[in-house]
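S.K.: Here is how the chains run, residue by residue.
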Amino acid sequence: MSIQITIDGQPVVTEAGENLVDVAAQNSVYIPTLCYLKGKPCLGTCRVCSVRVNGHITAACSVPVTEGMQVEVDTTELADMRKALIESLFSEGNHNCPSCEKSGRCELQATGYEVEMVVSRFPYRFPLRPREVAADHIWLERDRCIFCQRCVEFIRDRQTDQKIFSIKGRGITAQIEVNTELANRMPPEQVREAADICPVGCIIEKGVGFNDPIGRRKFELQSVRERALGEEES
Amino acid sequence: MNNRIQAIIQRYQTDRTRLLDMLWELHHLYGYLPDEALSELADGLNMAVEDVRETSSFYHYFHHRSTGSYTLYLSNTVIARMQGYQEVLDALERETGATLGEMDPSGTFSLYDTPCIGLSDQEPAMLVDEVVFTRLTPEKVSSIISQLKCGRSPEEIANPRALPKTDIAYVDQLVETNICKAGPVFFHNGNDFPELLKNCLDAGPEAVIGAITQAQLRGHGGAGFATGLKWKLCREAPGATKYVICNADEGEPGTFKDRVLLTRSPQAVLMGMVLAASVIGAREGIIYLRQEYIYLKAYLEQQLQLFREQRLLGNNILGHADFNFDIRIQMGAGAYICGDESALIESCEGKRGTPRVKPPYPVEQGYLGMPTCVNNVETLVAVTRVMQEGAEWYQSLGTEDSRGCRLMSVSGDCQRPGVYEIEWGTTLNQLLTLVGAEDPWAVQISGPSGECVAVDKGGERRFGYGDLSCNGSVMIFNRSRDLLGIVKHFMQFFVDESCGICTPCRSGNVDLRNKMERIIAGRGCQQDLDEMVSWGQLVRSTSRCGLGGTSPNPILTTLQQFPELYQAKLTEQSGVLLPSFDLEAALQGNERARIELTHHDYIPRELIQDPETEK
Amino acid sequence: MSKSGKNQTCSHDLPATQLNPALQAARDNKIKVAMIGLCGCWGCTLSMLDMDEALLGLLDKVTILRSSLTDIKRIRERCAIGFVEGGIANEENIETLKEFRENCDILISVGACAVWGGVPAMRNEVELSDCLREAYVDSVTAVPDAIPTIPYHEDIPRITTRVYPCHEVVKMDYFIPGCPPDGATILKVLDDLINGREFDLPASINRYD
Chain Y
1 MSIQITIDGQ PVVTEAGENL VDVAAQNSVY IPTLCYLKGK PCLGTCRVCS VRVNGHITAA
61 CSVPVTEGMQ VEVDTTELAD MRKALIESLF SEGNHNCPSC EKSGRCELQA TGYEVEMVVS
121 RFPYRFPLRP REVAADHIWL ERDRCIFCQR CVEFIRDRQT DQKIFSIKGR GITAQIEVNT
181 ELANRMPPEQ VREAADICPV GCIIEKGVGF NDPIGRRKFE LQSVRERALG EEES
Chain G
1 MNNRIQAIIQ RYQTDRTRLL DMLWELHHLY GYLPDEALSE LADGLNMAVE DVRETSSFYH
61 YFHHRSTGSY TLYLSNTVIA RMQGYQEVLD ALERETGATL GEMDPSGTFS LYDTPCIGLS
121 DQEPAMLVDE VVFTRLTPEK VSSIISQLKC GRSPEEIANP RALPKTDIAY VDQLVETNIC
181 KAGPVFFHNG NDFPELLKNC LDAGPEAVIG AITQAQLRGH GGAGFATGLK WKLCREAPGA
241 TKYVICNADE GEPGTFKDRV LLTRSPQAVL MGMVLAASVI GAREGIIYLR QEYIYLKAYL
301 EQQLQLFREQ RLLGNNILGH ADFNFDIRIQ MGAGAYICGD ESALIESCEG KRGTPRVKPP
361 YPVEQGYLGM PTCVNNVETL VAVTRVMQEG AEWYQSLGTE DSRGCRLMSV SGDCQRPGVY
421 EIEWGTTLNQ LLTLVGAEDP WAVQISGPSG ECVAVDKGGE RRFGYGDLSC NGSVMIFNRS
481 RDLLGIVKHF MQFFVDESCG ICTPCRSGNV DLRNKMERII AGRGCQQDLD EMVSWGQLVR
541 STSRCGLGGT SPNPILTTLQ QFPELYQAKL TEQSGVLLPS FDLEAALQGN ERARIELTHH
601 DYIPRELIQD PETEK
Chain P
1 MSKSGKNQTC SHDLPATQLN PALQAARDNK IKVAMIGLCG CWGCTLSMLD MDEALLGLLD
61 KVTILRSSLT DIKRIRERCA IGFVEGGIAN EENIETLKEF RENCDILISV GACAVWGGVP
121 AMRNEVELSD CLREAYVDSV TAVPDAIPTI PYHEDIPRIT TRVYPCHEVV KMDYFIPGCP
181 PDGATILKVL DDLINGREFD LPASINRYD
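Protein chains in written order, with UniProt numbering: chain Y, 1 to 234; chain G, 1 to 615; chain P, 1 to 209.
The hints are all genuine.
Pair by pair, the computed Cβ-Cβ distance ranges are:
id	chain 1	residue 1	chain 2	residue 2	range
1	Y	77	G	2	55 to 65 Å
2	Y	131	G	90	36 to 46 Å
3	P	139	G	520	37 to 47 Å
These are calculated hints, taken from the structure and not from any lab test.
Even glycine gets a Cβ: it sits at the ideal position worked out from N, Cα and C.
Start from the sequences and build out the full structure, keeping to the hints where you can.
M.R.: Below is the structure:
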């Protein structure tokens, strides 16, 4: 059913029930995201896509659009909140871009640029989260994990449908786990899928890294914003 | 193959949504959750063991390393801390030989602290396995521990007359109910439930919804959603089957009224659930009971049995061929967040208590994806009462925007801590007089997630959805109390209880707690206060659920009500070094490391050869 | 360390040749800029030099009081803009940053180390005693059979418990991330500030590595 909503005062015609992040992108409005994957169920974990919907701040990825919805994206207050959430992720873990295999391909880093983060307003914590290296083709740099749940929800063992990745503990003691046996029977393309689906450099494919020269890396060829908006046009 | 584990899996028909129950059974079997047992359980359920641990590690009553023969959980609340927590803890450590968070060398006792166990009217209190001990003193602790050492079970110590656990006398033996003031709505226990249900069934579901709606009954859990509308939405939502859930996960620190209702009016609670089932068309109901109330379980099972005998539960209820409904009790395992209805549903499904993304709402897709009506214990009792006495009667109580009465769990600096039924519209001062508050200075309304009210500023405020919307927790502090310390304690509570699924709540609460510590240490300046407000707003507005939506409240509301407390702690920056930068701490590590790593009989040559120092 | 005394003379206390009065007068009217390095690798300082000839265009407005070219310990006069490379890893860093803050109107953290600690801050994940143990006690290069010694002398600055970003020690006004940031990025910031424009690092030139 065709409906009309407004985004930052501009009327937008779309289909009822479409995801707000997608609707915005179709209309050239970029809403930063980290956990959201188009076409997959909403995870709603990072909150980086926070916008105001009918007066209430909410994560855009969790909003199916409805008739008459009033959406605000581009306000100083909201932009600062989204920036603060990105900054919070940077200070909560160890995001040492200069030494990270994912640099240039990292969604957290690329989104940091888009929100014009230069430093975190929150104190850097330097947590100690031991890395997990037991699996043959994959390892976890846990201090980079942002708990987006993408791998937990979307990467499953193809024979048994069991979870390969999971979270242990809760709150600040939570950490990402991988089942070694299941990880070892992931076919190469699934290993790559897992590493690619990770928006940071937490899931790393062994023997792969620093392959593209600086200047030719994923988000240097096309920024995360261009990708978010461009994919909609094709 | 371990037969006992296989038996557990079979008992639950390999149904992984019953994982929480299976984990409890394993826990009872071993005293903790051994890796091998979890692996076997995982295999039996076609799950990765990490996936099973994803659930088990979420709940703090599940242990993954072996524990002592007895596990002691001392309630660590601000109220307990006002009433001798530290002395009791010292006594526990001394008598058991275990340090907090550890097991004693002999493997007899494991000692932990735990957030509020719903006994703020009789703190300090602790759970020893599944038995509760209240009003602890160092002497009482000595006696309990020495009896345990002599081989008496916690059960025998607390219940020397060996009263059956199904009996209310057993519950009374363990805890006081402390109903200080009953009113028109609660604690009216008649035996006319079959009659009531018959009338309601005859009148039909629309009439029941109509009465509840007309009574303007709102949920007593805290959010205040209109109960009639919730039932209506759930009734209208399409679904092959539907569920009724009673939220008895009363985890808000300072509240205990659901414990008292479950003890004194369990049948009114059950009646509310049966009514809900009849209205929405549910065949199954669940009481989600927090583990802290485990000593009520057998008693509640007995009440369920009594209902079945009266044909108020089971098949063909009161002879209605198409009305089949029964209730099971789901034990929680220690997680405040499970008080959130969607987290509670996840927990009932054997998963981590992570609040769901909404929409869809539970009334549309709840337990097992089906329309589910989740109501608080107190709401269900109020429903029963509305149906007994009529909507007009209920409407005559309270105020325009808040009809009826509500129960207050009052604790702290007052003569008569306990449960009070007040009409909405009562002022804070009236309540304080009623409870015999002693020199009340600040009142924490609705627990840490609510607001802190300065009595001299807000004493005339009225309880009601329009003003002091209270979830039932009222903690009173007099002028001798360290309010900033209490705020820090509350922030630590939220840090511990955040499920961690979303960024602002997981990370932001840690930053807020750290800021609070900085202020208390006298290293904060005005900028820190400004940042606390701004970060607090961030957490409040961007978090996924009500936990993060309210967790900055201890800071934000005390900053607003008691700004002078914060101002008195602030420091002025002298020079360019920031007051938050602790120069001494920055240089101490070096000193410590050098001493640690240097042989004590060895003096560095430089120190011997160069005694002269330049100035 | 930074004060001349009986056994040492700091570079900034050495007698300096008087400038030609006309040149001195021209300099006095310029915006004074300085850059110091704390715990870093000097890569950001090299990036400063990477401004190359573009810097020439600014020199009618700007004079550089201290940089890696004039390796004096302390600036002798107040500066309008100070660039800081590196984080805080020892007490000498604290002292240097403190004096710099006292003598600069605007202070800018340049590069990952100054902004958040950078590579040196990787030691924040372990105890300082473990770092020192690894370096001096259990080190593969430790002298066999010698009594292990943690270097300690009043002339050796004490290493801090952990590595701090500059803004946790003194107020910093702006931040240029990067490891190192490009010379062009530093130039843009400098150019903006001396021409009265707002600090601005758009996504197109913002880099964390």
